[in-house]
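S.K.: So the chains spell out like this:
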Amino acid sequence: MKSDTPLLEVKNLDVRFAVRGGDLTALRGISFSLDKGERLGLVGESGAGKSVAAFSILNLIARPGYIAGGQILFEGEDLAAMSERELRKIRGNRIAMIFQDPMMTLNPVLSIGTQMVEAIKAHRRIGTKAAREIAVGKLRKVQIPSPEKRLDQYPHELSGGMRQRVIIAIALLLDPEIIVADEPTTALDVTIQAEIMALLLDLCEQENVALMLITHDLGVVSQVTQRMLVMYSGRIIEQGPTREIINDAQHPYTQGLINALPQMGEPGARLFQIPGSMPSLKNVPSGCPFHPRCDFATDQCRQTMPEYVRSGNVDVACYEVSNLIEQEKRMQEAGS
Amino acid sequence: MTSPLVDIRGLEKRFDLSGSFLEQITFKGGRFQRKQEAVHAINGVDLQVQKGEALCVVGESGCGKSTVARTVMGLLSPSAGEVHYGGQRIDNLKGGDVLPYRRKMQMIFQNPYASLNPRMTIQQTLEEPIHFHRPELARSEVREKVQEVMQSVGIDPEWGSRFGHEFSGGQRQRIAIARALAVDPEFIVADEPISALDVSIQAQVLNLLMEAQETRNLTYLFITHDLAVVEHFGTRVAVMYLGRVCELAETKTLFAEPRHPYTQALLSAIPRLEDDRPNYIRLQGEVPTPVNLPSGCVFHGRCPYANERCRQEIPRLIVTDGGSQVACHAVEEGRL
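In order, the protein sequence lines correspond to chains X and G.
This note's numbering numbers the first residue of the first sequence as 278 and each following residue consecutively.
This note's numbering numbers the first residue of the second sequence as 3 and each following residue consecutively.
Just so you know, these hints were derived from the structure itself, not from any lab.
One or more of the hints may lead you astray.
[Claimed, not checked] Incomplete in silico selection of chain G near chain X, CB under 8 Å:
no., residue
1, Gly162
2, Ser197
3, Asp200
4, Asn209
[Unchecked claim] Pair ranges (Cβ atoms, derived):
no., chain 1, residue 1, chain 2, residue 2, range
5, X, Gly404, G, Ser22, 49 to 55 Å
6, G, Arg313, X, Gly414, 54 to 60 Å
7, X, Asn289, G, Val293, 52 to 58 Å
8, X, Ser388, G, Asn119, 31 to 37 Å
9, X, Gln577, G, Glu252, 45 to 51 Å
The beta-carbon is built from N, C-alpha and C at its ideal position, and this holds for glycine as well.
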């Protein structure tokens, strides 16, 4: 593999849901890439399509949803066109997933050990004893005390934070190249969240695993990821280096999202608020989907979807930004 | 200091786990034994809410903050201790005697999907408390009142004939706030009112609550786990751990100079936008179960500064020179 091809490349992905009365487009023209060992954040509010994006990377979209177009290239192979059998070799093995709710992801009637050994044996020809040894090693890695004892315990015997650690250990079992984590700490308390996030970050750095972190918490994205995507109504509206976007967001929606955080305002003062709410998939506005809530909306925004323009190292889909960039260019030309 | 609007004295609440008398009896070693078990949700909480302030109660899940809210409202009766409102003891009132206080105290709940009756229109939902508490009002006056509160929370009065499910989460929470405001209360208990909402909607609802506080001269008891919101919204903050208040201070003082080791850990765990890496104080272990409370200071098992005295003696809230009240032996002795 050449070093300049990314580990994962999603090109123009469209995901639709076939429901009564026609198709709903959940993802529209999603394109991004993920390099080896890179940490990518996927941010947006509920209904933006971030979880659908995460599931579609593993081709886990179930009916009535389907991938309507585009490619998901993992080391050059298209996951969207693969058979179930081929996909099974990749899922959990080379791309692992961590889900939101640690209460729901573990099987309540099987011991932790059984579940871990099962996952290893599904992908490798290995004896139970050797598999248990791998499991103990991974549990130790996620800092679970006395891992040998934990293998014989059941999920209900562990606290929420411990369960999420076990789930991270299961994700690491087969040394994957990518971990997709869908809101891994949303169900947890703040102090536990900080511990789990720090653990995930350390593990990804140590093992050089790429991380795709889906979250609505901009603080977490700022602490953990190197690059971020901002989604709105099934589209990526801004993507680039995390620091650059957090410090100087270009898209009016990203700006609004950051300024709406209580930690950005003076205590006691009114918070910046974006009027209205995210449109439902049934009636996505024409043109730029954000235009009904945007202060800068023009007729152009209402009619056509803006293309991506580059500002610094950030790609933004917004006419206001592209107009500003062009204005600046003209000024410079006139000046020289 | 003027006398507080709400005065909570030595509040305790236990939830019985062991069931009826017969279920408590066990036959062991040739003898009958009676065993009683209870969840100690609140263990001696003293709080005063001053008129016009927003007192925030923060803590992690299981610390008893919601139980405090419900006990103050009279939705739960305390196992011990008293609740006073405007100088009058209210926790032991019966039947019709509570009614005048119910009108002065209203509650906003966490989940706006569950707190609105799905079979009532918004008009009916908002009229019900007015009819109930002010039967002397004529129909047209009630309708006027409903129009006024709907406008004040930013819901179009034209939508009165719609049902709860036709609204988005943010709009539903606005309606829940309108219902609380409909009877012109003085005091509002808000139990995690924005936790179920998206970031941009959280800002809208928080602004609405602050606006209502100014225009209607409201007093809040605000329960939340989100410290960033507290920093923005609260006048004073009470930090709870395992059913006890461990620190109580003005918001500014608490965030500038947290004294209790638990408060320090909690504050360090907030993911901040400026941070490049998670940077937090690590606590040992996890929150113990409230069934068997630890002896002495409830926090001693996880506290890096704990000594013999902490393991045996329960610390009381003492006033420090910074003006905050802290329940910690280490702070009292000047070790911290």
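S.K.: If a hint holds in the structure, say so; if it does not, say that too.
M.R.: Each hint tested on the structure:
no.	hint	result
1	Gly162	violated, 20 Å
2	Ser197	violated, 11 Å
3	Asp200	holds, 4 Å
4	Asn209	holds, 5 Å
5	Gly404/X to Ser22/G: 49 to 55 Å	holds, 52 Å
6	Arg313/G to Gly414/X: 54 to 60 Å	violated, 36 Å
7	Asn289/X to Val293/G: 52 to 58 Å	holds, 55 Å
8	Ser388/X to Asn119/G: 31 to 37 Å	violated, 44 Å
9	Gln577/X to Glu252/G: 45 to 51 Å	holds, 50 Å
Of the numbered hints given earlier, the model fails hints 1, 2, 6 and 8; all others are met.
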